[in-house]
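Based on the hints, put chain R in the right spot on chain H.
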Amino acid sequence: MRRPACGAALLAGLAGGGVLGALAMAHLMSRLRADSRLKDAETEQLRRTEEELLARLKALDAAKTDFMATISHELRTPLTSISGYVELLRDSDPDELTDAQQRMLEVIARNARRLRELIEDILTLSRIESGGFSSDQGEVDLAQAIERALTAITPAAEKASVGLHSDVRGPLPLRGDGVQLDKVLANLIGNAVKFTPPEGTVTVRAERAGEHTVLWVSDTGMGIPPAEQNALFVRFFRATNAIRQAIPGTGLGLAICQKIVDNHGGSIEVESAENVGTTVTVRLPH
Amino acid sequence: MTVVLVADDDADIRDLVAFKLEQAGFDVIAVEDGQTALEQARSRQPTLAVLDVSMPGLSGIDVCKMLRADPATAGILIIMLTARVQEQDVEGGFSAGADDYVTKPFSPRELVSRIQALLSRARA
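Same order as they appear, the protein sequences are chains H and R.
Going by our numbering, the first residue of the first sequence is number 1, and it counts up by one from there.
Going by our numbering, the first residue of the second sequence is number 287, and it counts up by one from there.
So here's chain R without its partners, still in its complex pose:
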């Protein structure tokens, strides 16, 4: 089963994403901050990570950069969740090495199809 790491400090959104992804057949690891996300990514080696941009401590962007910098985790696919829509934030996400970004409020259904699209592109 494909392992997906979900990191969001908002419990309701974390549960929402985890529930939807489990329903879609993924093995989900849900964490509430950037530091834990980094540790789980290193120990569990997920195929894909969904990272909220604004988390206390290490932000999603920080985590993304650190995952990319470490050869052991550089291959993890990354989708950023952001509540900001300004172009510079989106560019910031991409320059940190994210594969895709999704703006809040998002449709859980759409998030799943973005994940599936990313996975099938990566497999091709």
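Same shape as in the complex, but just chain H:
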């Protein structure tokens, strides 16, 4: 009875967090096993089965990552035609199209954009999971990175009439992957702006605290219903109030952020009250 249970735990681990999750589960299983009084031969058999299973899971995970990258790549070609021809149509003489047709083209364009974002997020996630991370570590000044992210989001914030504030005393040097940390900042600040109604504010704070550099991104936005806060980092999850208000998104942003922060040995948590606001806290080791 133990072997199938062990396999199921490994599979659950893989579904939850890729090979690392499966490894953690395997570790846990072997500790449990050590506690029990199995005969040596049985233990050896179990160990070998686990090893084989792990090797297969690793191969499966690599194949999955490869497949995702190929799929994302292949999807770009038809998408180029869809969004490109829609652009040509929308750029044509206004008299040639009725208002209703213009609106239909707008819907196609918006959905092509959504598909593009999905493809990009899936590719990003699979690349981060495939371990494209460790090679790119270097010195990063989080204060400068925040400054860049704020500059990039300013036009969108102005358009949405959302105020941007920052309280960051630099420099905040840490070791990490600059490109990936930029993604985290763009994502968190972008979310804050996206989910905050006009006249609201988004505040970014960062400082050194002991062994960590801590980043807070707070907004006065719509918040996340309490029952859904645990699911925030699950891939493709989107809060019901976001869906109801038709706020665009792929549901992959926070999963990507969590993966990147994990890779840096840090932690990420969300505190939120519906219709009051949300604060995301990220702790990164120096």
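Don't read these hints as lab results, they were simulated from the structure.
Keep in mind the model is a prediction, meaning the values are calculated, not measured.
Fair warning: there could be bad hints in the mix.
Stated by the list, open to error - A few chain H residues that face chain R, going by a derived Cβ cut-off under 8 Å, partial list only: (1) Ala231; (2) Val234; (3) Arg238.
Unchecked claim - Taking CB as the label site, the calculated pair distances span: (4) R:Gln331 <-> H:Phe67: 24 to 30 Å; (5) H:Thr154 <-> R:Ser406: 25 to 31 Å; (6) H:Pro173 <-> R:Gln331: 50 to 56 Å; (7) H:Thr154 <-> R:Gly361: 37 to 43 Å; (8) H:Glu158 <-> R:Ala355: 35 to 41 Å; (9) R:Pro357 <-> H:Gly138: 37 to 43 Å; (10) R:Gly361 <-> H:Ala156: 56 to 62 Å; (11) R:Thr389 <-> H:Ala63: 23 to 29 Å; (12) H:Pro171 <-> R:Gln331: 51 to 57 Å; (13) R:Arg328 <-> H:Ala231: 39 to 45 Å; (14) R:Ala297 <-> H:Trp216: 47 to 53 Å; (15) R:Pro357 <-> H:Glu147: 42 to 48 Å; (16) R:Pro357 <-> H:Arg148: 40 to 46 Å.
Glycine is no exception: its CB is placed at the ideal position from the N, C-alpha and C atoms.
Same frame as chain H, but now just chain R:
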């Protein structure tokens, strides 16, 4: 009129780019593979070439390298079209000698402005 060579094995994208560039006032030669692109570049001497990276046979990168290696075609401005966004692909395009690269899916409008920017830089 400025002659622009367009090479992409996907007919819909090739037509899209050709249509947009003709609309923008360019004289367009559209071809569907790397070998033809190379031949047309040698015989027609375009000012600029838009090359898809992944074409069967000779890839856009191969064509780019061969154009750069031949003094008769080394001066042609080259924009690569790529569906890959990994940094190493982009670096690969530049080290092959491309002047610019555009990632799919791209906006035809943006492609035209990138071409115009490249042309005005080259003239300056």
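Task: Broken hints, by number - done: As far as the earlier hints go, 1, 2, 3, 4, 8, 10 and 13 are violated by this structure, in ascending order.
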